[in-house]
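Undergrad: Sequence:
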Amino acid sequence: MSAGSALSFNWGDYYGDGFVLFFDLTRDIDMDALVSNVTGLDNGFKFLSFDSNNQATDIALASGDFNLSVNVPEPTSIAIMGLSLVGLASLRRRKAK
Numbered sequence: 001m002s003a004g005s006a007l008s009f010n011w012g013d014y015y016g017d018g019f020v021l022f023f024d025l026t027r028d029i030d031m032d033a034l035v036s037n038v039t040g041l042d043n044g045f046k047f048l049s050f051d052s053n054n055q056a057t058d059i060a061l062a063s064g065d066f067n068l069s070v071n072v073p074e075p076t077s078i079a080i081m082g083l084s085l086v087g088l089a090s091l092r093r094r095k096a097k
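If you're matching positions, the sequence shown starts at 1 in the UniProt record's numbering and goes up one per residue.
These are calculated hints, taken from the structure and not from any lab test. In this text, all values refer to a predicted model and were calculated from it rather than measured experimentally. Positions of the beta carbon are idealized from the N, C-alpha and C atoms, including for glycine. Check each hint, because a few of them may be wrong.
What follows is a set of in silico ranges between Cβ atoms, one per label pair, in the way DEER data are often shown [to be verified]:
id: 1; residue 1: N54; residue 2: T76; range: 43 to 53 Å
id: 2; residue 1: D51; residue 2: A89; range: 27 to 37 Å
id: 3; residue 1: N54; residue 2: K95; range: 30 to 40 Å
id: 4; residue 1: E74; residue 2: D51; range: 47 to 57 Å
id: 5; residue 1: D51; residue 2: R94; range: 39 to 49 Å
id: 6; residue 1: R92; residue 2: Q55; range: 25 to 35 Å
id: 7; residue 1: P75; residue 2: F50; range: 28 to 38 Å
id: 8; residue 1: Q55; residue 2: T76; range: 30 to 40 Å
id: 9; residue 1: A89; residue 2: S52; range: 49 to 59 Å
id: 10; residue 1: R93; residue 2: N54; range: 49 to 59 Å
id: 11; residue 1: S90; residue 2: N54; range: 24 to 34 Å
id: 12; residue 1: V86; residue 2: Q55; range: 47 to 57 Å
id: 13; residue 1: N54; residue 2: S84; range: 55 to 65 Å
id: 14; residue 1: A79; residue 2: D51; range: 38 to 48 Å
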């Protein structure tokens, strides 16, 4: 996803017939989901797409492992790396005292 794109994620555990995830997207993305230590998913997953009338337009059945990944903008990854190095330096300084 490019900078400025948003992914809204909600988990609906109040449904009695399954595990429901809601994604509110403004454009198409490739989505993978990893679910572990969950029982009762023996028949796999169902991915549904809805039109403006809330009618299911696309149903995809899947099973196995899935992944959701979002590209981190370059300035953010540099900031994360910088914070990591500062943390390591402070640990080393603390041990030296």
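Undergrad: If a hint holds in the structure, say so; if it doesn't, say that too.
TA: Verification of the supplied hints:
| no. | hint | in the structure |
| --- | --- | --- |
| 1 | N54 with T76: 43 to 53 Å | violated, 35 Å |
| 2 | D51 with A89: 27 to 37 Å | violated, 54 Å |
| 3 | N54 with K95: 30 to 40 Å | violated, 59 Å |
| 4 | E74 with D51: 47 to 57 Å | violated, 37 Å |
| 5 | D51 with R94: 39 to 49 Å | violated, 58 Å |
| 6 | R92 with Q55: 25 to 35 Å | violated, 60 Å |
| 7 | P75 with F50: 28 to 38 Å | holds, 35 Å |
| 8 | Q55 with T76: 30 to 40 Å | holds, 38 Å |
| 9 | A89 with S52: 49 to 59 Å | holds, 54 Å |
| 10 | R93 with N54: 49 to 59 Å | holds, 58 Å |
| 11 | S90 with N54: 24 to 34 Å | violated, 52 Å |
| 12 | V86 with Q55: 47 to 57 Å | holds, 52 Å |
| 13 | N54 with S84: 55 to 65 Å | violated, 45 Å |
| 14 | A79 with D51: 38 to 48 Å | holds, 40 Å |
Comparing the model with each earlier hint shows violations of hints 1, 2, 3, 4, 5, 6, 11, 13; every other hint is respected.
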